[in-house]
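There are 2 protein chains.
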Amino acid sequence: MNITFIGLGNMGAPMARNLLKSGHRLVVYDLVPAAVAALVSAGASAAASIKAAAAGAELLITMLPSSPHVKSAYLAKDGVLANIAPGVILVDSSTIDPQSAREVAAAATAHGNPMADAPVSGGTGGAAAGSLTFMVGATPDLFAQIQPVLANMGKNIVHCGASGNGQVAKICNNLLLAISMIGVSEAMSLGASLGIDPKVLAGIINTSSGRCWSSDTYNPYPGVMDAVPAARGYTGGFGADLMLKDLGLALDAAKHVKQPVMLGALAQQLYQMFSARGTGAEDFSAIIKLYSQGQSR
Amino acid sequence: MNITFIGLGNMGAPMARNLLKSGHRLVVYDLVPAAVAALVSAGASAAASIKAAAAGAELLITMLPSSPHVKSAYLAKDGVLANIAPGVILVDSSTIDPQSAREVAAAATAHGNPMADAPVSGGTGGAAAGSLTFMVGATPDLFAQIQPVLANMGKNIVHCGASGNGQVAKICNNLLLAISMIGVSEAMSLGASLGIDPKVLAGIINTSSGRCWSSDTYNPYPGVMDAVPAARGYTGGFGADLMLKDLGLALDAAKHVKQPVMLGALAQQLYQMFSARGTGAEDFSAIIKLYSQGQSR
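Chains X and S are the protein sequences, given in the same order. Everything in the first sequence is counted per the numbering used here, starting at 7 for the first residue and increasing by one. Everything in the second sequence is counted per the numbering used here, starting at 7 for the first residue and increasing by one.
Keep in mind that the hints were calculated from the coordinates and are not lab data. Please note that a few of the clues may not be correct.
Think about it this way: if two alpha-carbon atoms lie no more than 30 Å apart in a straight line, the pair counts; the simulated BS3-like pairs of lysine-lysine are [as the list claims (entries may be wrong)]:
1. X/295 / S/161
2. S/161 / X/205
3. X/205 / S/251
4. S/161 / X/261
5. S/264 / X/295
Cβ-to-Cβ under 7 Å is the rule here; a few derived chain S residues that face chain X [as the list claims (entries may be wrong)]:
6. 149
7. 155
8. 174
9. 183
10. 234
11. 257
12. 260
For each label pair, taking beta carbons as the anchor points, the in silico distance ranges come out as [what the hints assert, rightly or not]:
13. S/233 / X/93: 45 to 51 Å
14. X/137 / S/254: 41 to 47 Å
15. X/298 / S/91: 42 to 48 Å
16. X/81 / S/263: 53 to 59 Å
17. S/233 / X/275: 33 to 39 Å
18. X/161 / S/115: 53 to 59 Å
19. X/203 / S/154: 20 to 26 Å
We treat Cβ as the ideally placed atom computed from N, Cα and C, and that holds for glycine.
Looking at chain X on its own, in the form it has when it is part of the complex (with noise of 0.2 Å):
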């Protein structure tokens, strides 16, 4: 298939990279030649503009860092939809909010241009091993028609229902992933302080009702479990400043709905706080280091 990519990043280059991989011609842009060289050596073409990436695609798909980059590549003068044949697929893989993915998805379809998001998880791990999860806001034609290229890239590829609840899935998910890891960091903290055997003290929870990811696969506490972000000094992973983005996006949806998020809110401030230490590269389970006494690490 002749695909279109455009956003090269840490996330965009790995799953440019598969598709490659998987036999599909690609056109490729990002704003950062070096970027775009990298993928032309492993076989792609580069494209000098936005528009000259739209031509002759049978699928163009996106991956940008967030939703004024998404709503500029659409929607601008010299952008996809200006510049593209009617009744090409479109798939935003970027995580903005639902409400932007849902006017984009709106405009394009306006122009003939049946469109979907679909925001992954995984990290940069996962693009790289083609593990990715895809969470899709498509009709059910669409999906049946992108679901074998997001294969490609991926290896859940799930339908969430009609456009944008790609994104909102995402958001939720992540949201409650904060919540939990802050949790997991109050309740082992606690523990800890109070004496008890933080491994002890994780094997009862990880069989009791606390039982969650961020306790059982992702133990923030120091010496709890191996091969996790918190036994290698916070290294790798989830950057606690991409979780206080998707926290962002996740309190500015709520916003525009007038949902309360009480914990959510809490969470994205100490998130912030976090971050203003200048620790915000770090693996976002070191906000336990937030709870940490006698020491100011």
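Using the hints, position chain S against chain X.
Quick look at chain S alone, frame taken from chain X:
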């Protein structure tokens, strides 16, 4: 074995019944005569006072509402320690703060009575079925001695470390449980307000990093799961006021060791807000009602 059981409330009564069924000889005491009478008709002997109940016991178990009750039962002039033979093992299954548990256990040890804290989870259903989880704070020797007796009332008997650590494990787990339940309530309510099918959202969360017991086993959103309190008007289960009690214990313990618990403190306020509406007897998953839109339910 000759066992004395003090405290025959909603939890204590079915626990005592299971000891009788296991063939132990039971002497029981409670302030409520009807509670004593019910156990006597099941085969127990009634004692007229704690002093009388303590005489001849080989093992004494208490199941009381809160730490003032526990302190009074053990430490008062007419209480357990003043009236029991040195050497008799003491087990308190009440849920109280770890500090009080350790104080009482230290007094018992000074009197020559080994004492364990052994709070439970599993609710009145688990107490009746003999499937409770016991979280035990005790020396390894003491744990080995009481484990077979507790196994007559529970399925999982977990050694959590030294004195008080049973209470620590319980309140830390329940702190995290309250936070998770509110987190799930916020994520599910936000998703529904943003237009995703709650069942679809729960399915995605349950296979993603937001996965937790409150979502995959006890989802608070009506219609998502069968056979949970949300499917039967939030009746049965674990009452919101009991969760509020456990949050109070966790927050008090945290204050004692100057441990911040930011989400835990907000969770306490939210359960307080819920209880203030007069609905504290509903299951704790009904906290999601604070987040519902378009109707005051």
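Structure-based check of all given hints:
no.: 1; hint: X/295 / S/161; in the structure: violated (36 Å)
no.: 2; hint: S/161 / X/205; in the structure: holds (21 Å)
no.: 3; hint: X/205 / S/251; in the structure: holds (26 Å)
no.: 4; hint: S/161 / X/261; in the structure: violated (46 Å)
no.: 5; hint: S/264 / X/295; in the structure: holds (15 Å)
no.: 6; hint: 149; in the structure: violated (12 Å)
no.: 7; hint: 155; in the structure: violated (20 Å)
no.: 8; hint: 174; in the structure: holds (5 Å)
no.: 9; hint: 183; in the structure: holds (5 Å)
no.: 10; hint: 234; in the structure: violated (12 Å)
no.: 11; hint: 257; in the structure: violated (10 Å)
no.: 12; hint: 260; in the structure: holds (5 Å)
no.: 13; hint: S/233 / X/93: 45 to 51 Å; in the structure: holds (48 Å)
no.: 14; hint: X/137 / S/254: 41 to 47 Å; in the structure: holds (44 Å)
no.: 15; hint: X/298 / S/91: 42 to 48 Å; in the structure: holds (46 Å)
no.: 16; hint: X/81 / S/263: 53 to 59 Å; in the structure: holds (54 Å)
no.: 17; hint: S/233 / X/275: 33 to 39 Å; in the structure: holds (37 Å)
no.: 18; hint: X/161 / S/115: 53 to 59 Å; in the structure: holds (56 Å)
no.: 19; hint: X/203 / S/154: 20 to 26 Å; in the structure: holds (24 Å)
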